[in-house]
Amino acid sequence: MSVLLQVQNVSKKFGGLTALKDVTFDLPSGQILGLIGPNGAGKTTLFNTINGVYKNDGGKVIFRGVDISDKKPYEVSKLGMSRTHQIVRPLNDLTVLENVQVGACFGHENHSLAQSLSIAKDTLEFVRLDQKIDQLASSLNVAQKKRLEMARALAAKPYLLLLDEVLAGLTPSEIDEMIKTILAIRDQGITILMIEHVMKAVMNVSDRIIVLDYGQQLAEGTPEEISENPEVIRAYLGDPKLAEKLMEDR
Amino acid sequence: MKHWYHPGFWIVLLLVMGIGIFPIISQDAAARESGFSVLLAISMAVSLNIIMGYTGYVSFGHVVFYGLGGYTGMYLIDSLGMSLPVAVIGGGAMSALLAFLLGKAILRLRGAYFALATIGINEAVRTFISNFDPFGGPTGIELQFSVYKVYGGAANALWITYYGVVAIAIFTVIFSYWIKSSKFGLGLMSIREDEDAAEVLGIVTPDAKTRAFMYSAILPGMLGVLFFFKNGNVEPGDAFRLHFSIESLVMIMLGGQGTLLGPVIGALSYQRLRVSLLTSDLSIGPLPLKEFQLVIAGLLMLLIILFIPAGLVGWLRQKFNALRKVLL
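If you're matching them up, the sequences are chains F and S in order.
Take 49 as the starting number for the first sequence in the working numbering and just add one per residue.
Take 683 as the starting number for the second sequence in the working numbering and just add one per residue.
Isolated chain S, as found in the complex:
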């Protein structure tokens, strides 16, 4: 009994499809590159929203799933000669496995303790990978140029990874809506509102939280494979960049945590802002604005928490009751 006709779902789906299809129609490489980073950001934010927005557990080191998935996929392609689709599935599976094990261990922590633990995990995995020889230690894994031959050469491989990220972005939206409108999702939101009350009401909280954590980890794992395959190499510093996690958090907060549309809008506007800062010639005193991306992210987060903690979509829903039926 899903409400697949809900306008709030179609708004988000068509928005993401529109962003994804535009570069395919125009066949423009520059549009494809910006489309790739926007869709990557959207999928990361929508995935993180499952554990953070629906369940109320802030995963600060979520990039660990992206990095580990990426590494796993690159290893499967480079050392075991597997195809990209298999590597993508492998990366997702590895991230889900890590989330499952972590879920058993650290999801009993609440609030800030959980957030801190996830940062610790990211650092621990980074250090481990830096010293793990099969994954190339500190230098990482670099793909041979010949790998791309199977995919019609490097230029064509870029298009293939783009189709991959479009498919994943569309899937994350459907997946996120499915969770939000399911019985399982109702359980997650009960945990977010009051975990002790949720337990008394019969929600098997340890299982529900672990499942939510796994669901929010699978797609980042797959995205990591696509990104690093396109990139051609993966290094510990690139794969486990903590500030990528923090940027995803800002995107969710900006758009509205716990909503379907919020993370999409948040990712879209944050990416726009980032690009305009990076390409800007303006400067504040001796400092060029392009160095300012993370400063702005920090400020933005502060302002949102202080003034509109519900984010843009959450705020609209609170202010205009009629929008509740349209915006999810």
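One chain only, chain F, in its complex shape:
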């Protein structure tokens, strides 16, 4: 299995604060890699550094053999990497359909407006938002907005999808639905890197997991290895319940 994304010694500083330090991992095609860690560990910063929102302060990001360390977000997108945002960012005054068309039009397949129409409709059906096609994006609820973000990212037909806490704020039944969607995306051959706080979900869907703490990689391994790693449990001890939950959910 070929390596889709290589992150090599990536660091990021904000003034005197080191948000990321020497983060290194490989992500093979077709896998789901979970990224967990306490709040403020640098998970979203890592996403922003990978897809070009932030410029890294050292290290390299290689995507499909291309060094994307110095590329802008739109260049990264055109190479076939899409993402969702932790705090949803719908294009409020556009319809749900138009939102998803944007993804298809400007993503790496660069479709025309006419072609994007059928892609957007199919994608909305896939994330089960097809009833809302003509509504303004601002009229959706949070769960629907998360699906919209996902549809927008998927419509670009990416090789790699970065999911930033798509389960946060959802009800248990919504979470189950979303997990099914995530697995279905993986089955389409799209590689996924996901940040998640809902342990049950991340333990169940991930092939491998990376734990970040204070911007450093604390551990990396299969879900089993991670849940038994004493260092990980210690990192989560600030929140003993979470550590307990981590064990339970295994």
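FYI, nobody ran anything at the bench for these hints, they're computed from the structure.
Don't be surprised by glycine CBs; every beta carbon is placed ideally from N, CA and C.
Only true hints are included.
With a straight-line Cα cutoff of 20 Å, these simulated PhoX-like cross-link-like pairs (lysine-lysine) come out: (1) F:K169 / F:K205; (2) F:K228 / F:K248; (3) F:K205 / S:K865; (4) F:K108 / F:K120; (5) F:K61 / F:K120; (6) F:K169 / S:K865; (7) F:K61 / F:K103; (8) F:K126 / F:K108; (9) F:K69 / F:K103; (10) F:K180 / S:K1007; (11) S:K865 / F:K126; (12) S:K831 / S:K912; (13) F:K108 / F:K119; (14) S:K786 / F:K119; (15) F:K248 / F:K293; (16) F:K103 / F:K126; (17) S:K786 / F:K120; (18) F:K205 / F:K228.
Covered stretches of chain F (chain S as the covering partner; in silico rule of three or more C-beta atoms under 8 Å from a C-beta of chain S): (19) 110-124; (20) 141-151; (21) 154-160.
Computed list of chain F residues with no C-beta within reach of chain S, every gap over 12 Å: (22) G63; (23) T66; (24) Q179; (25) E225; (26) K228; (27) T229; (28) L231; (29) V246; (30) D261; (31) R282.
Keeping the supplied structure of chain F fixed, place chain S upon it in accordance with the hints.
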């Protein structure tokens, strides 16, 4: 795959055509003069709407493109002896060039900073032109009366400039609709809604913004040439009047930014209001109403921002869902 059959487009196009054709049929000079200023206002507002309404960047000093285009055209006619059509194209090209260079420099600024920068640019260009000898410095450029001979005399030249402004007004509407319904336009509206999200979605924002700025600058440049050719002379004070910019903003806000019909309706009603104030004998205390045009503009802007920020057309679209299919 444009939806050229969309009723919202035809409503606007027929409206503008109607305004333009009426004086031609009646062959009435007074109707032509008021038609000229209405169509000028419409084209300015529709052009400004490309950067302001579609892209979300408020260009406060947009009159700079009108002024610079006008100057360029007048120079081409007066000093280089070129014909009016060539001068009009030259004026548009010069404005597009300025917009391109500005786009590279100041379109990275967002919100109020961009708006302030455009005011600064207008003042800077005005000062530069006031001291630029080839353009006549502070006295500007005055056309020789003989220039109009080629166009069948001054009276006929007035009709020719009128046909020019009708053509440009019709073209701006088609152009604006083309942008709104294209993939490029979808990108602009994404930038307006959330520029960072637009970048992540793959929109090459610096290029898209620069292109939008150029598109919104070309037609004001051409209009400037027509206006000052008709006027016979151009001076820095006339060419770079900041309040002309502000009036265009009010027109867009009044009608509804980001819509196709809004700037047209806004320009039309603002011009009507302006004319009725200018010709009014009424007064508030010792102040005659005719001095009040800009005061009213200011008040109007305040009221719109407070109560109907979406403008008339935007408000109608929000209130009556059925109108979404008819009004663009």
